Amino acid sequence: MSLTNFRALGRSGLVVSPLCLGTMTFGPGDWGADEAASRAIFDAYRDAGGNFVDTADIYSGGLSEELVGKFIRETKSRDDIVLATKFGFNGSSSPLTGMAGGGGNPHAGGAGSKNIHRALDASLRRLGTDHIDLYWMHIWDGVTPVEEIVQTLGDLVRAGKIRHYALSDMPAWVAMKAATIASERRIPGPIAMQVEYSLVARDVEAEHFPAAREGGMGVMPWSPLAGGFLTGKYKRDDTADTGRLSGANPFGDSKFTDRNWLVLDALRDVAAELACDPAQAALAWAMARPGVASTIVGARTVTQLTGNIAAAGIRLNDDQMNRLNEVSKPADGFTSSLASPVIRKMVYGGHDVTGWGE
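Here the sequence shown is numbered in the numbering used here, starting from 1 and rising by one per residue.
Keep in mind the hints are simulated off the structure, nothing from the lab. Possibly wrong hints are sitting among the right ones.
To be verified - Here are the computed lysine-lysine pairs in the BS3-like style, where the Cα-Cα straight-line distance is at most 25 Å:
| no. | residue 1 | residue 2 |
| --- | --- | --- |
| 1 | Lys-76 | Lys-161 |
| 2 | Lys-235 | Lys-329 |
| 3 | Lys-161 | Lys-70 |
| 4 | Lys-161 | Lys-114 |
| 5 | Lys-177 | Lys-161 |
| 6 | Lys-329 | Lys-345 |
| 7 | Lys-114 | Lys-177 |
| 8 | Lys-233 | Lys-329 |
Please read all numbers here as calculations on a predicted model, not as lab measurements.
Using the sequences and the hints given, assemble the complete structure.
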């Protein structure tokens with residue numbers, strides 16, 4: 001596999017690379033890359049054949065979008081690139097800055113029609129383009145009716161301001177309801193869902209993956225390396241001063257669990273067999289999972305990016321996949337039990353029955 005082994009994103013005609021360049025690092029900050037470094041990362045991704053670039057309106061206060069737009073214009077690559085950005089978090093009280101916590105305009109965030117139009121117009125200006133190829137709802141606000149979200153985004157598709165839309169960080173039922181409404185009304189629907197997914201974050205397999213499959217949505221994992229945990233750089237006996245997870249971060253210390261250390265031990269063994277880094281083996285696992293369309297990778301340096309890109313050429317054999325699947329298997333919940341072979345045999349009089357598509 002290479003970055004030019006394109007995949008359809010969901011049930012759509014949008015074809016994307018198996019690794020998507022995430023640009024949350026583009027811009028200033030402790031974990032950011034300045035303009036020169038960001039440009040080098042962008043160029044390295046493009047030189048490797050990648051065509052899928054993902055940003056958001058709140059990344060670096062909008063500077064990420066400005067840099068991405070600038071690089072695309074300078075390389076005259078707009079028609080070649082699948083350009084994705086996001087709306088939803090509040091630009092006047094961003095969770096990524098010290099402004100979070102009060103005083104913001106409530107209509108500068110959320111998935112209501114008023115904010116979607118405001119956010120899209122601002123993103124188009126920063127990106128310097130007249131349309132977005134893939135527009136993400138960054139996070140569900142828990143308030144806006146799904147009907148309003150589908151109607152607003154569908155209208156923007158018909159108006160030509162966006163080509164497709166997708167949903168990120170939402171309950172599975174929200175995505176399924178959006179897909180159902182769109183199908184029944186014969187209007188544009190979501191083509192992908194973006195969720196945290198990695199060897200140590202597989203809970204979305206219970207509800208989100210089946211919803212994505214049924215609704216014609218490709219799954220796009222974010223944080224496939226679990227905030228850097230799966231790179232193998234952290235040590236069980238001392239996690240201080242090692243990387244992003246050592247300080248303030250969105251995950252806290254939730255990745256440093258006994259179960260996750262066992263997963264990392266197994267990952268290290270598989271990586272040694274493949275003569276690659278643990279991060280590359282973790283990405284290869286994610287890309288090979290059923291339902292995964294494109295996996296988001298971010299980087300602060302070209303070296304980090306090229307290491308990630310190399311994962312596209314790694315193949316885990318059946319034994320290696322099975323070992324990683326088994327050690328990282330999430331605990332079965334209520335939904336999993338409903339689909340278990342035992343329940344199915346009870347339903348069908350003790351017989352084994354294979355469902356369509358299994």
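Q.
Tell me if the straight-line CA distance from Lys-235 to Lys-329 falls inside 25 Å.
A. holds, 22 Å
Q.
Just to be careful, I want the Cα atoms of Lys-161 and Lys-114 compared with a cutoff of 25 Å; is the pair within it?
A. holds, 15 Å
Q.
Next pair to validate is Lys-114 with Lys-177; report whether the Cα-Cα distance is within 25 Å.
A. Holds, because 21 Å separates the two Cα atoms, which is no more than 25 Å.
Q: Quickly compare the C-alpha distance for Lys-329 and Lys-345 to 25 Å and report which way the hint goes.
A: It holds: about 23 Å lies between the C-alpha atoms, which stays within 25 Å.
Q) Straight-line Cα separation of Lys-233 and Lys-329 no greater than 25 Å? A) holds, 23 Å
Q: Assess, step by step, whether the Cα of Lys-76 is no farther than 25 Å from the Cα of Lys-161, and give holds or violated.
A: holds, 20 Å
Q.
Run the distance test for Lys-161 versus Lys-70: straight-line Cα separation, threshold 25 Å.
A. holds, 19 Å
**Q.** Given pair status - Lys-161, Lys-177, alpha carbons within 25 Å
**A.** Judged against 25 Å, a Cα distance of about 24 Å means the pair holds.
The structure fails none of the hints (numbered hints given earlier).
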